[in-house]
Amino acid sequence: MLNIFYQNGMQNTVKSSNSIGDLIKQKTGKSVGLIINSTNPTLGTVGDIVEYLPHKLYLKDVLNGEVLQQIGNNGNAKNLVIVHSAGNEDIIKAAQVLKSLKISEKSSCDEFEDRL
Numbered sequence: 001m002l003n004i005f006y007q008n009g010m011q012n013t014v015k016s017s018n019s020i021g022d023l024i025k026q027k028t029g030k031s032v033g034l035i036i037n038s039t040n041p042t043l044g045t046v047g048d049i050v051e052y053l054p055h056k057l058y059l060k061d062v063l064n065g066e067v068l069q070q071i072g073n074n075g076n077a078k079n080l081v082i083v084h085s086a087g088n089e090d091i092i093k094a095a096q097v098l099k100s101l102k103i104s105e106k107s108s109c110d111e112f113e114d115r116l
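First residue of the sequence shown: 1, per the working numbering; consecutive thereafter.
Hints may be right or wrong, so weigh each one.
[What the hints assert, rightly or not] With a straight-line Cα cutoff of 27 Å, these simulated DSS-like cross-link-like pairs (lysine-lysine) come out:
id	residue 1	residue 2
1	25	78
2	15	27
3	56	99
4	30	15
5	93	56
6	27	78
7	15	93
8	60	27
9	93	78
10	15	60
11	102	56
12	25	56
13	30	78
14	102	78
15	60	99
16	56	27
17	60	78
18	15	25
These aren't lab readings, by the way, just hints derived from the structure by calculation.
My request is simple: use the sequences and hints to build the entire structure.
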């Protein structure tokens with residue numbers, strides 16, 4: 001069994017993430033879990049860029065690491081996390097957090113081992 005998750009990037013809302021999740025579900029026939037980082041309505045894209053640029057780890061990276069850990073510990077199912085735009089940086093930083101804490105994610109983070 002395969003679990004599918006979608007992690008959004010810049011210039012996104014809950015509504016747009018739900019729409020993309022629905023599109024993935026239509027194409028795959030599988031339910032899609034969402035990892036949403038909505039754009040701040042006041043700061044807009046500038047806020048997204050400021051959030052994306054630092055090469056430091058922040059609380060949101062630890063929280064994303066927790067999400068990845070929960071996904072990876074969800075039984076023996078394989079997991080596919082589809083990332084868009086700045087979602088790639090979020091998932092890489094989350095994997096860095098897990099690696100620094102010496103937490104192994106056999107399902108979710110294998111692809112990132114070489115990049116860390």
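Quick rundown of the hints versus the structure:
1. 25 with 78: It holds: about 17 Å lies between the C-alpha atoms, which stays within 27 Å.
2. 15 with 27: Within the cut-off at roughly 19 Å; holds.
3. 56 with 99: Holds, because 15 Å separates the two Cα atoms, which is no more than 27 Å.
4. 30 with 15: Roughly 19 Å separates the two Cα atoms, so the pair holds.
5. 93 with 56: 9 Å, holds
6. 27 with 78: The given pair, whose Cα atoms are some 18 Å apart, holds under the 27 Å limit.
7. 15 with 93: With a Cα-Cα distance of about 25 Å, the restraint between residue 15 and residue 93 holds, given a limit of 27 Å.
8. 60 with 27: Violated, because 30 Å separates the two Cα atoms, which is more than 27 Å.
9. 93 with 78: 21 Å, holds
10. 15 with 60: Holds, because 21 Å separates the two Cα atoms, which is no more than 27 Å.
11. 102 with 56: Given pair residue 102, residue 56 holds - Cα atoms ~18 Å apart, limit 27 Å.
12. 25 with 56: With Cα atoms ~34 Å apart, residue 25 and residue 56 exceed 27 Å; violated.
13. 30 with 78: Holds: residue 30 and residue 78 sit about 13 Å apart, inside 27 Å.
14. 102 with 78: 21 Å, holds
15. 60 with 99: 16 Å, holds
16. 56 with 27: 36 Å, violated
17. 60 with 78: With a Cα-Cα distance of about 24 Å, the restraint between residue 60 and residue 78 holds, given a limit of 27 Å.
18. 15 with 25: Distance of about 15 Å is within 27 Å: holds.
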